[in-house]
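S.K.: Every position in the sequence shown, counted from 1, becomes a number in this note's numbering once 42 is added.
Simulated from the structure, these hints should not be mistaken for lab results.
Every residue gets a Cβ at the ideal spot worked out from N, C-alpha and C, and that includes glycine.
Computed Cβ-Cβ distance ranges for the label pairs, DEER-style:
1. L228 / T136: 33 to 39 Å
2. E509 / Q262: 51 to 57 Å
3. A463 / I48: 19 to 25 Å
Straight-line distance between alpha carbons at most 27 Å, and here's what the computed DSSO-like set of lysine-lysine pairs gives:
4. K438 / K492
5. K231 / K354
6. K354 / K344
7. K231 / K264
8. K344 / K293
9. K231 / K248
10. K129 / K248
11. K264 / K293
12. K432 / K492
13. K432 / K499
14. K248 / K259
15. K264 / K354
16. K499 / K440
17. K492 / K473
18. K492 / K440
19. K264 / K344
20. K499 / K465
21. K231 / K344
22. K492 / K465
23. K168 / K129
24. K499 / K438
25. K129 / K264
26. K129 / K259
27. K259 / K231
28. K231 / K293
29. K248 / K264
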Amino acid sequence: MARATIDRLIINSPYEEPTKYWSYDRERRTFSLVEDRRPAGYVIASEGSRSFDDPGHFVEIPLVNLIRPRVRAWREAGYPGVTGITKRLLEHWTNPEEFDNRRLFFCQLEAAETLIWLAEASAADKVGVEPQSDGGPFQRLCAKMATGSGKTIVMAMVVAWHILNKVTYPQDARFARNVLIIAPGLTVKSRLAVLEPSDSENYYEKFSIVPSSLLDKLRQGKVIVRNWHALNWETEEKIDKKRSVDKRGTKSDEAYVREVLDDLASARNVLVINDEAHHAWRVPAESKVRGVAKEDIEEATKWVGGLDRINKARGILTCYDFSATPFAPSGKRSSEEALFDWIVSDFGLNDAIESGLVKTPRVVIRDDAVPDARTYKSRLYHIYNDPEVKDDLTRKAKPEEPLPDLVMNGYYLLGYDWREATKDWDATGFKTPPVMITVANRTETAARIKYALDHRKVHIDELCDPERTLHIDSKV
Numbered sequence: 043m044a045r046a047t048i049d050r051l052i053i054n055s056p057y058e059e060p061t062k063y064w065s066y067d068r069e070r071r072t073f074s075l076v077e078d079r080r081p082a083g084y085v086i087a088s089e090g091s092r093s094f095d096d097p098g099h100f101v102e103i104p105l106v107n108l109i110r111p112r113v114r115a116w117r118e119a120g121y122p123g124v125t126g127i128t129k130r131l132l133e134h135w136t137n138p139e140e141f142d143n144r145r146l147f148f149c150q151l152e153a154a155e156t157l158i159w160l161a162e163a164s165a166a167d168k169v170g171v172e173p174q175s176d177g178g179p180f181q182r183l184c185a186k187m188a189t190g191s192g193k194t195i196v197m198a199m200v201v202a203w204h205i206l207n208k209v210t211y212p213q214d215a216r217f218a219r220n221v222l223i224i225a226p227g228l229t230v231k232s233r234l235a236v237l238e239p240s241d242s243e244n245y246y247e248k249f250s251i252v253p254s255s256l257l258d259k260l261r262q263g264k265v266i267v268r269n270w271h272a273l274n275w276e277t278e279e280k281i282d283k284k285r286s287v288d289k290r291g292t293k294s295d296e297a298y299v300r301e302v303l304d305d306l307a308s309a310r311n312v313l314v315i316n317d318e319a320h321h322a323w324r325v326p327a328e329s330k331v332r333g334v335a336k337e338d339i340e341e342a343t344k345w346v347g348g349l350d351r352i353n354k355a356r357g358i359l360t361c362y363d364f365s366a367t368p369f370a371p372s373g374k375r376s377s378e379e380a381l382f383d384w385i386v387s388d389f390g391l392n393d394a395i396e397s398g399l400v401k402t403p404r405v406v407i408r409d410d411a412v413p414d415a416r417t418y419k420s421r422l423y424h425i426y427n428d429p430e431v432k433d434d435l436t437r438k439a440k441p442e443e444p445l446p447d448l449v450m451n452g453y454y455l456l457g458y459d460w461r462e463a464t465k466d467w468d469a470t471g472f473k474t475p476p477v478m479i480t481v482a483n484r485t486e487t488a489a490r491i492k493y494a495l496d497h498r499k500v501h502i503d504e505l506c507d508p509e510r511t512l513h514i515d516s517k518v
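I would like the entire structure built from these sequences, with the hints used as guidance.
M.R.: Now the structure itself:
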């Protein structure tokens, strides 16, 4: 039965394959509950649409929809064709009693199972399954997972699978015992230290990813985590521009690899894992991608170019990409596809919400806050695209410059809800007040928001205490 709103978002168990999903009719703008699993895919803007509330339309990912039923049948058959070590890991991961109330989510198991299936299932099972290349010299495979669905755990599963197999079967060319993990920033690099078996908080022990009897074998492998900046390298063009000052040429591949890989400098056929892999896209030679910042192009070039050099000098066995948004800028209209062609598994944001894996953001407007609360609600959902806001918040501006009325009213409404929530918490004896978090599109916008709060431009006094407002500028 079609309905205008959804009364219950969580409709699946996080530990089982989804069996139903909310389908949206973009013409009637109604929802209906479908008894099936949502096809793998993504939503893109409608052709020629200029409306900020455009629902877009759904585009399937055919390769994932081809792979899913085959992996399901392989799972139900008991994982035929896998090695003894892989079978031991899969049995461990699917046994709830092994995890002390920290069971693996279905999306985590499926992502790992899919990568294992591609490597170990029989050729007959994989007929017609041909992930596309990014145009480079080594294979890339991508697991698309919503933010918050636990992809770091999946990385640990993949690392364990490779290292344990290679240590046990050293002649098996399908596996690697040396792993290079690339992170998009220092914060993420620090977070991924848990993937190093020697780390005191490593996930293999903390989350029981590896049976205790296999931990010594795991430690025979090597895992290093690098920020993408470690892949920085100088192109011939840049060297030519500096020749008048610096007479050195580009660094040799051998010297480059020894510097970047450090402890893995002598390793061959390295396994590479790219976290937040949407930063790592291949820029075609001599191309200019319209609408993409120069620094983003440079990052992508250095990231993928660095991996090319590692592959040339040492060989990359396979590169696994993990991302919630594996899109590469195409310079085309937003209604055209730019998704990675090598995605082999997909558990998107809607799937994660319906399985109760991620928090659901909300725009709360109490009817008693303003007379036209419903009107504001629809506009605040897409505030950055509102005609009254878009140009103002995408320009450089001084902190003292007033924010658009819609933004100020939005802060009043959110502040009003925050104040009412504070009262409710006080009444129940909870003394710590709720926290209101703002994420701005630019540092200039953040400074204007901070100025407005500090100077009581938002008419919620409790919200305008400079001693309780923390302003942080960050860049990945």
